[in-house]
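Q: Next come the chains, spelled out residue by residue.
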Amino acid sequence: MKLSRQDINIIVKNSNLNSQQIQDLINDEIKPDQNSWKVFISRALLLLGLAFVVAGIFFFFAYNWDGLHKFVKLGIIASLIVASTLFSIRSNVNDLVKKILVSFAALMVGAFFAVFGQIYQTGASAYQLFLAWTILIVIWCFAVDFEILWLIFVALVHLTFGLYYEQAVDKNDPVLFFCIHTIISSVFIIVFYKYKFSKPEWFFKILFFVLLGFVSVGAALSFGSNSKFIIPISLEYFIIFYFVGRHGIVKKDIYYLALLLISVQIVVSSFLLNISTDVGMFFAICIFVLAASIGGIYSMKKLIKSWNE
Amino acid sequence: MNNLNSILFVLTEVKNRNSATQYDENEIIAQVQSHVTHKSTTVFKIVSIVGGLLSVAAFLSILFISNIFNSGFSMLTLGVLLYFSSIYLGIKSSQLYLDSLSFGLYMSSIFLIAIGLKEFDLKEIQISVIISILSLTTISIVKDYILIYISILIFFISLTIIIFESEIENILQPALAILVWIIVLLMSNESKVLARRNGLSLRFGPIVSGLTTVVSMGIIFVLRLGTRTEPDTLIAFSTIVIIAAFSYLIFTELEQRFDKLDKNRLIMYTVIGGLALVPSIFCLSIPASIVILFLGFIFGHRMFFLLGILLTIYCIGQYYYNLEFTLLTKSILMFITGLLFLIIYFVVNYQRNESTS
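If you read the protein sequences in the order shown, they are chains A and B.
In case it helps, our numbering puts the first sequence at residues 12 to 320.
In case it helps, our numbering puts the second sequence at residues 12 to 368.
Incorrect hints may appear among the rest.
Chain B stretches covered by chain A per the calculated footprint, using a threshold of three residues with CB under 8 Å from any CB of chain A [stated by the list, open to error]:
| no. | region |
| --- | --- |
| 1 | 32-42 |
| 2 | 57-71 |
| 3 | 109-116 |
| 4 | 203-210 |
| 5 | 262-270 |
| 6 | 302-314 |
| 7 | 337-343 |
Listed next, the stretches of chain A that the computed footprint assigns to chain B, with coverage defined by at least 3 CB atoms under 8 Å from CB atoms of chain B [what the hints assert, rightly or not]:
| no. | region |
| --- | --- |
| 8 | 13-26 |
| 9 | 52-65 |
| 10 | 141-155 |
| 11 | 194-202 |
| 12 | 273-286 |
| 13 | 295-306 |
| 14 | 311-318 |
If you're looking for bench data, these hints aren't it; they were derived computationally from the structure.
We put the CB at the ideal spot given by N, CA and C, even for glycine.
Kindly produce the complete structure, drawing on both the sequences and the hints.
A: The structure is reproduced here in structure tokens:
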């Protein structure tokens, strides 16, 4: 197990290591080795090269855009989609490159719809564009199973619903809005866990962050509102609180517990502000937030110690 | 504990290589057991800052409602009291869970002192000088990570205000170049700094993080400022200084890591690396963000690495957006640049495959 900077600081403080010995420690434990350098340079050159070439192509078509025939416009984007997907199924292509190519094709699907809407002026609402885009890339998401593509897909689903709520639903209830976003986020997390897609932990951290964000904002907005969905959002909050807390304890990862702490501080502060906005209440909020931070960190530290034993 | 075993194993290896090495094993065990893991420390710092900011907002609301903002003397007195309280807490307490409190007290004190001084009709430049002195004092006295980090940000924000009030905005870009050099030199000589075991070594982590954050903010600030403030020669000179820092970084690292490389090849790679940044000579934000990216990669700072990637993408995008060429010219420039990178990629990969086979 490689040492961290904190470990090296402890060693330095409690030893008589000279600068050369410390440098050797840093070289062996912290800095990248030769292989990491080669991989880094190689990937950086590839990504920069692709990004600049693609950007150059986009700028070229932007320059000529107005003069192009509508079939040429659509044909260019369709060709990009076909070319990148065909190239990705070649066996001699690196796995990561395949996934990036399919992700690129997925983004081009959105561009295709945007250009289609621009040319034909169909009068369709924005959410219909995003809905079609989302549906068309589902199979690729399952086939490629790439975290970045999945995140794009999750973002598209949220965006589609958000636009649908704004444009098609005749309700002005922010609590309902966040209630449904919370359910969407929860479904994603459950599906990813249940079907055991091998995902890195950072992927789930992002999803949980989004989930807690939606439910916390929804709960905070529910205080003092006359929405019919106060009870559902409150139930959601408590259920998610329990499951995120349990997940953090099972995974022995303090990140989830820290998210819960921040969520509680926001929600309870909103609740208190809804009761009153006089000096006494602000004082109470100030004390509560500080006490929650101090108490929360103290408790989490003790928990980490118990995990390490 | 895997972590502790790794530390003790490493120390045993070091002692085997050099019998003069001495270390206090009991103290190391005690400190490792009392410290949380590195990842958790980052999480706790974020929780402390969020908690501190929320409490500062609530506290300032109290002051606003109770009309303390109407009296400069009250604000100044309260600010000074809170400042000394935060410093005391920063010195006396090494407990992670009190970081929120010390951070909240410190931020409130700076805010109150600044507003209080304003009520006494002091000019912005005078207030900024006082605030920068306070932040430097904090850095030199306390050892608390968050207080030092925030003090560095406050110091450089005050400095920027002084620069703008004095109407010498031209020095912003050279100042950014100097800061980049300071970070590169500090991080390249990390072992020498730590070996001194003095005040700087104790504060090394937050100073480096603080300076990197300041440089990142400076990069975006200078980019948004555009060409409003300075002639092109000054920008070019500042960019060359940053490219020199980048070349120095590459040279020292390649020399350490690739010890089989001969000197000529080393110099060649360094020069190529430096020349690759020359096209951005009138936009110092690009090489500065690339320096941050490389610092993050070389010294194992994941946050700096991610920050460097995001800044580089943003700076390059903004650079091309601001270019006063037609879309056609921009597209040709980008396409050729992209092809060059891809050619180098294939050449490098071909050489690698040749050497492995």
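Q: When the hints from earlier in the document are held up against this structure, which numbers fail?
A: Going through the list in order, the structure violates hints 10 and 11 and respects the others.
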